[in-house]
Amino acid sequence: MTDALANSLAAAPVQSAPAARVRSYWGGVWQRLRYDYVTLFCIALIILIVLSAVFAPWLAPFDPYKSSMAHRLRPIGYRQFLLGTDEQGRDMLSRLLYGGRVSLLMGIVPVLLATLVGGMFGVVAGYYGRKVNMGIMRTMDIFFAFPSVLLAVAISGSLGGGITNQMLTLTVVLIPPICRVAETATSQVRNMDFVDAARATGASTTSILFTHVLINVMSPVLVYASTLVSISIILASGLSFLGLGVSPPTADWGLMLSTLRQSIYVQPLVSAIPGVAILVTSIAFNLVSDGLRQAMDVKA
Amino acid sequence: MNDMTTPNLSGSQPLATPFVSVKDLRVRFVSREATVRAVNGVTFDLARGEVLCVIGESGSGKSVMMRSLLRLHPKKRTVIEGSMQVGEHDIGTVSDRVLSKLRGSTISMIFQEPMTALDPLYTIGDQIAETVRRHEGLGREAAWARALELLELVRVPSPERRLKAYPHELSGGLRQRAMIAVALSCRPSLLLADEPTTALDASVQIQVLVLLRRLQREMDMSMIFVTHDLGVAAQIADKVAVMYAGRIIEYGSVGDVLNRPQHPYTQAMLASTVKDQERVVPLEAIAGSPPDLRALPEGCSFLPRCAYAEPECAVAMPSETVDASRHMARCYRVGLEGKRLAFNGSALPPGGRATPAPMAAERAEMLGRSA
Amino acid sequence: MTQMALSPPPVAAEDPRDRGGPAQPMLIVDGIRKYFPIRAGVLNRTVAEVKAVDDISFYVLKGETLGIVGESGCGKSTLARLLMHLVDRDEGHLILDGDLVGEETGVPLDGLRRALQMVFQDSYSSLNPRLPIEQSIAYGPKVQGASSKVAKAQARALMEKVGLKANLFAQRYPHELSGGQKQRVNIARALALDPRLLILDEAVSALDKSVEAQVLNLLEDLKKQLNLTYIFISHDLHVVRYISDRVLVMYLGQVVEIGPVDQIYEDPQHPYTQALLACRLSMDPEERVEAAPLAGDPPNPVNPPSGCRFHTRCPFMEDVCMAKAPGLGDVLRSSADDHLAACHMVHPGSGHSRAPLPVRA
Numbered sequence: 001m002t003d004a005l006a007n008s009l010a011a012a013p014v015q016s017a018p019a020a021r022v023r024s025y026w027g028g029v030w031q032r033l034r035y036d037y038v039t040l041f042c043i044a045l046i047i048l049i050v051l052s053a054v055f056a057p058w059l060a061p062f063d064p065y066k067s068s069m070a071h072r073l074r075p076i077g078y079r080q081f082l083l084g085t086d087e088q089g090r091d092m093l094s095r096l097l098y099g100g101r102v103s104l105l106m107g108i109v110p111v112l113l114a115t116l117v118g119g120m121f122g123v124v125a126g127y128y129g130r131k132v133n134m135g136i137m138r139t140m141d142i143f144f145a146f147p148s149v150l151l152a153v154a155i156s157g158s159l160g161g162g163i164t165n166q167m168l169t170l171t172v173v174l175i176p177p178i179c180r181v182a183e184t185a186t187s188q189v190r191n192m193d194f195v196d197a198a199r200a201t202g203a204s205t206t207s208i209l210f211t212h213v214l215i216n217v218m219s220p221v222l223v224y225a226s227t228l229v230s231i232s233i234i235l236a237s238g239l240s241f242l243g244l245g246v247s248p249p250t251a252d253w254g255l256m257l258s259t260l261r262q263s264i265y266v267q268p269l270v271s272a273i274p275g276v277a278i279l280v281t282s283i284a285f286n287l288v289s290d291g292l293r294q295a296m297d298v299k300a
Numbered sequence: 001m002n003d004m005t006t007p008n009l010s011g012s013q014p015l016a017t018p019f020v021s022v023k024d025l026r027v028r029f030v031s032r033e034a035t036v037r038a039v040n041g042v043t044f045d046l047a048r049g050e051v052l053c054v055i056g057e058s059g060s061g062k063s064v065m066m067r068s069l070l071r072l073h074p075k076k077r078t079v080i081e082g083s084m085q086v087g088e089h090d091i092g093t094v095s096d097r098v099l100s101k102l103r104g105s106t107i108s109m110i111f112q113e114p115m116t117a118l119d120p121l122y123t124i125g126d127q128i129a130e131t132v133r134r135h136e137g138l139g140r141e142a143a144w145a146r147a148l149e150l151l152e153l154v155r156v157p158s159p160e161r162r163l164k165a166y167p168h169e170l171s172g173g174l175r176q177r178a179m180i181a182v183a184l185s186c187r188p189s190l191l192l193a194d195e196p197t198t199a200l201d202a203s204v205q206i207q208v209l210v211l212l213r214r215l216q217r218e219m220d221m222s223m224i225f226v227t228h229d230l231g232v233a234a235q236i237a238d239k240v241a242v243m244y245a246g247r248i249i250e251y252g253s254v255g256d257v258l259n260r261p262q263h264p265y266t267q268a269m270l271a272s273t274v275k276d277q278e279r280v281v282p283l284e285a286i287a288g289s290p291p292d293l294r295a296l297p298e299g300c301s302f303l304p305r306c307a308y309a310e311p312e313c314a315v316a317m318p319s320e321t322v323d324a325s326r327h328m329a330r331c332y333r334v335g336l337e338g339k340r341l342a343f344n345g346s347a348l349p350p351g352g353r354a355t356p357a358p359m360a361a362e363r364a365e366m367l368g369r370s371a
Numbered sequence: 001m002t003q004m005a006l007s008p009p010p011v012a013a014e015d016p017r018d019r020g021g022p023a024q025p026m027l028i029v030d031g032i033r034k035y036f037p038i039r040a041g042v043l044n045r046t047v048a049e050v051k052a053v054d055d056i057s058f059y060v061l062k063g064e065t066l067g068i069v070g071e072s073g074c075g076k077s078t079l080a081r082l083l084m085h086l087v088d089r090d091e092g093h094l095i096l097d098g099d100l101v102g103e104e105t106g107v108p109l110d111g112l113r114r115a116l117q118m119v120f121q122d123s124y125s126s127l128n129p130r131l132p133i134e135q136s137i138a139y140g141p142k143v144q145g146a147s148s149k150v151a152k153a154q155a156r157a158l159m160e161k162v163g164l165k166a167n168l169f170a171q172r173y174p175h176e177l178s179g180g181q182k183q184r185v186n187i188a189r190a191l192a193l194d195p196r197l198l199i200l201d202e203a204v205s206a207l208d209k210s211v212e213a214q215v216l217n218l219l220e221d222l223k224k225q226l227n228l229t230y231i232f233i234s235h236d237l238h239v240v241r242y243i244s245d246r247v248l249v250m251y252l253g254q255v256v257e258i259g260p261v262d263q264i265y266e267d268p269q270h271p272y273t274q275a276l277l278a279c280r281l282s283m284d285p286e287e288r289v290e291a292a293p294l295a296g297d298p299p300n301p302v303n304p305p306s307g308c309r310f311h312t313r314c315p316f317m318e319d320v321c322m323a324k325a326p327g328l329g330d331v332l333r334s335s336a337d338d339h340l341a342a343c344h345m346v347h348p349g350s351g352h353s354r355a356p357l358p359v360r361a
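Listed in order, the protein sequences are those of chains C, A and E.
Those letters in the first sequence? Residues 1 to 300, by the numbering used here.
Those letters in the second sequence? Residues 1 to 371, by the numbering used here.
Those letters in the third sequence? Residues 1 to 361, by the numbering used here.
Incorrect hints may have been included.
Residues on chain E that point at chain A, a partial pick, calculated with CB under 7 angstroms [unchecked claim]:
no., residue
1, E176
2, S210
3, A213
4, L216
5, H235
6, D267
7, Q269
8, R288
9, A292
Have a look at the derived ranges for each label pair, beta carbon to beta carbon [as the list claims (entries may be wrong)]:
no., chain 1, residue 1, chain 2, residue 2, range
10, A, H89, C, M120, 44 to 54 angstroms
11, E, S205, A, K75, 47 to 57 angstroms
12, C, L112, E, Q225, 48 to 58 angstroms
13, A, D119, E, P37, 24 to 34 angstroms
14, C, M120, E, D194, 31 to 41 angstroms
15, C, V132, E, S205, 51 to 61 angstroms
16, C, I142, E, T46, 47 to 57 angstroms
17, E, A291, A, E141, 29 to 39 angstroms
18, E, A278, A, N259, 44 to 54 angstroms
19, A, N259, E, A291, 39 to 49 angstroms
20, E, G21, A, R279, 50 to 60 angstroms
21, E, A291, A, E160, 22 to 32 angstroms
22, A, H168, C, L150, 34 to 44 angstroms
23, E, D221, C, S204, 46 to 56 angstroms
The following residues of chain A were derived to be distant from chain E, with all beta-carbon distances above 12 angstroms [unchecked claim]:
no., residue
24, S58
25, T93
26, R103
27, E141
28, E152
29, K164
30, P167
Treat the hints as calculated values from the structure; they're not laboratory data.
On a predicted model such as this, the values are computed, not experimentally measured, just so you know.
Just so it is clear, CB atoms sit at the ideal spot from N, CA and C, and this is done for glycine as well.
The following block holds chain C by itself, in its conformation from the complex:
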């Protein structure tokens, strides 16, 4: 073979480099996320909100519980009150920062718990099928029969108020939808040939579940769970609004919205602030989960 040919062949590896580049699954996800500016912005926003909630004691200019009859319902930008004051004269900015702590907790913890429990039930139902599936999924259907808000109100009403009970309520409400997504994903994976190939090696069910099933079920479930964070925040706010969640004077976005609603004709902008916080946070979580779904390339 002559030089020209040999050269062209020698040059080929460089040209066909994309095929040879090795990239892990998560590496690929990051590559796609990197150019998705909306998602990146929302991630930054969420980080900002989380940080501001965590560091609320240092960031807040005032004590969120110190009321002042002299400064009730001041408008935005009134003197040192950047976001005005509420109906008891407490600083809105400080309350908003503190309120974020409760609201984010309500958004994230129930979703995490529900993902663990619901995901486990879903995977078991999807993998074993038949009677196990029937037992688990029909039970979930009973919960599904009620609108989620109604269910939350009912459970919360019987458990009573308080942060722990509210989180418990939200967890119970979120388990059925996650369970269903996990079940669907698992039964799809379960029928794949690679699971049969694994069974043919004599592997135990636990080993197959952990090596082959979970890894494939995880991404649709995680993407779906991330959409639930905003729902959870809104539900929690709703419960507080109805007086079924945290009790006053605890700073919580939902509760703030509830107490400020009487002042809506006096200070409409100030009254709307907790609502805006809920809206922005839940939209950010939703957009991130959308971005994640695209980057993870799964259909959920």
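Using the hints, position chains A and E against chain C.
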């Protein structure tokens, strides 16, 4: 490319107006990571009532080329260059409104998997009637009558009953027939077929092929039929185009291409097809796999797998050599001998064909391209 | 156990794993049956049964390749999964190298698992999309107790064996591979447990023709190198003829014909086999088929036709075909050179007008 310097394939007796005329078609898919050059200068003409089989491996650009004729690719990420003339319409420039009228009436398409082409929520009758009503403005009754007629045409047994059936209630062969009925409902002049028989059993495949050939003749349709199966091409084609890395590397009448293949790739593909070979002899496989369309090298794309590679092959893609019977091949080793194409494999180093370019094959494998 | 007098097998090489001796078939399948219930209604009652595999018997000799052909829905894939114990059988026995499988006295399932492996049809579902292929291959040995390091080394050696450069491919994911490469990984995974019998279920059907030839050559090489026995399931009659020593033809869950490959292809006895062979496409455009040899689709296996299941599509159908199911004969007692067909036309005195006259004793 030097494609344009050589005579066009439009006919030994130049046809007045070919029904389909594709000139220097190029299709690229652009994404952030890479540009995939799927079709790289395809030129062909198709007369009315003629069947062209496009043969190639997966990734040869055959389906992409065909789908361009209906502009089915996502607009945002696709760059289409060149001209595609079907009848009096230039597919590349017609408005979306005109195009959607053309789709299903003048140009129709059938697919490999009918379940993806038929709507699972409507009965077969509804789907045919809907197409007929939309394109031909027939009334409800007339459209149903036409649907029944069409199912009879594609030889579906007990058609009255099948009209009310949903796609999932039909067997694979019947579904394929139903899809053909939908595609033919408005008497298209051009039928595009994307591997419509690949997923079928041999016994059903032959039924569908016989049916398609009969309908094509009766309705005087032009047909472009994409397949990777040479046996299917032998059954249905008038003309055959062999595609490799987005180019037509051999073209001619079905007899010329299948019985007197000139391009080394066509030869190797015929040789590697399992027929009634002696069992103890290993098959003549083509080493390596098709090139990476994201980074096509200069020169002949088949070079790394070719048993006859020479230095000049690496410089530029060979131009078209066409003989009197319009048999075309793009290879430096193909010349004209009198009125016919002639492959010159004699000037080879000893061993030539028997040891398919050991070095080239090894290289291809080193690049991780072994199949 | 079930020793049979058979013609000498094609491979006589000594294999330390051999237990029953060269004349003992690798696998005997005796009267295996699987009906899938179709459930419906609120109470989930069984309303019908799909007779996917209905009383099938055959054997595979050591070192041979048995081809299994038939249309889709004939039960080929169910049969493969029954042999692999991926689906539980309703009835029948499997005898692996002289030992009953999966019953109290015989070889435990684990032993079967090691001796019997399967290569699946190349499709998006045959490899775990989230595992690098090295781990996909190493999974089997790890399950059987090899350390992670040993299993990985084994996986790399196997990749080289099937023609994939280990340092290039080990860390890649399935979506980065071409169809042919994925199929090579599939084969390597099946070989990881050092099996003796490989079931290849449509293993080359989804591949391009040029790649198909590469994989078929690889399979032939591996068979010689590793002293393997193949059961090769395919609907492609050309490929089955090339690779098989004997061929078994299935129709609606039953065996209709079995025999040495050349006899099946040159002198098919069953009208179904004849029709299937006529459906092969010629590469010569001069030889076009004008009328399809077989009309219609295969009937539904839920309610297979009475008598001979093929009678609804058979050109030679007579009353006896509807009334009585033709037998295949005792496959397990026949020799590997015997050519058997389940058709009244080949059985003397069956009552079919084309049947040969009964021989007088």
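A quick look at each hint next to the structure:
no. : hint                                : verdict
1   : E176                                : 10 angstroms, violated
2   : S210                                : 4 angstroms, holds
3   : A213                                : 4 angstroms, holds
4   : L216                                : 6 angstroms, holds
5   : H235                                : 6 angstroms, holds
6   : D267                                : 15 angstroms, violated
7   : Q269                                : 18 angstroms, violated
8   : R288                                : 6 angstroms, holds
9   : A292                                : 4 angstroms, holds
10  : A:H89 - C:M120: 44 to 54 angstroms  : 58 angstroms, violated
11  : E:S205 - A:K75: 47 to 57 angstroms  : 35 angstroms, violated
12  : C:L112 - E:Q225: 48 to 58 angstroms : 52 angstroms, holds
13  : A:D119 - E:P37: 24 to 34 angstroms  : 31 angstroms, holds
14  : C:M120 - E:D194: 31 to 41 angstroms : 36 angstroms, holds
15  : C:V132 - E:S205: 51 to 61 angstroms : 35 angstroms, violated
16  : C:I142 - E:T46: 47 to 57 angstroms  : 27 angstroms, violated
17  : E:A291 - A:E141: 29 to 39 angstroms : 35 angstroms, holds
18  : E:A278 - A:N259: 44 to 54 angstroms : 22 angstroms, violated
19  : A:N259 - E:A291: 39 to 49 angstroms : 24 angstroms, violated
20  : E:G21 - A:R279: 50 to 60 angstroms  : 26 angstroms, violated
21  : E:A291 - A:E160: 22 to 32 angstroms : 25 angstroms, holds
22  : A:H168 - C:L150: 34 to 44 angstroms : 37 angstroms, holds
23  : E:D221 - C:S204: 46 to 56 angstroms : 34 angstroms, violated
24  : S58                                 : 6 angstroms, violated
25  : T93                                 : 35 angstroms, holds
26  : R103                                : 29 angstroms, holds
27  : E141                                : 31 angstroms, holds
28  : E152                                : 16 angstroms, holds
29  : K164                                : 19 angstroms, holds
30  : P167                                : 15 angstroms, holds
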